[in-house]
Amino acid sequence: MTTSKLSDLVNPGSFFVEDIEDRGDETVRLKRLGICENRRIDVLQTGDPMIVRVVGSRIGVSRSLARSIQVTSAVTEVVPAMVIEENALAGMA
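With the working numbering, the residue at position 83 of the sequence shown is 83, and numbering never jumps.
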């Protein structure tokens, strides 16, 4: 999966935090608020500040702080079962 900086997102959605650049006290504060590696966050509003939901709370994150957060999409690609079945049947012929 492709990682992006949280600050680069233009559309709301669900994401997993992959990495947080160490910025001292700011990083500690993010982690205390629940924004930490492998945590799912929902971006509710992009801009400055961004509004994210994490562990049931809405948090405002400045664009400069969002630059230190790497995320990947939490949405996985879904392959319809019919396509899988057709491929399996083709292998039986």
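Keep in mind that the hints were calculated from the coordinates and are not lab data.
Ideal Cβ placement from N, Cα and C applies to all residues, glycine included.
Check each hint, because a few of them may be wrong.
Derived CB-CB ranges, DEER-like [as the list claims (entries may be wrong)]:
1. D25 / T2: 24 to 32 Å
2. V75 / D25: 17 to 25 Å
3. V75 / V55: 17 to 25 Å
4. S62 / D19: 12 to 20 Å
If you check the beta carbons of D25 and T2, does the distance land in 24 to 32 Å? Distance hint for D25, T2 holds at roughly 30 Å.
Quick check: does the Cβ-Cβ distance between S62 and D19 fall within 12 to 20 Å? holds (18 Å)
So the hint says 17 to 25 Å: do the beta-carbon atoms of V75 and D25 match that? violated (33 Å)
Honestly, do V75 and V55 meet the 17 to 25 Å range at C-beta? For V55 against V75, whose Cβ atoms are near 20 Å apart, the range 17 to 25 Å holds.
Hint compliance for this structure: hint 2 alone is broken.
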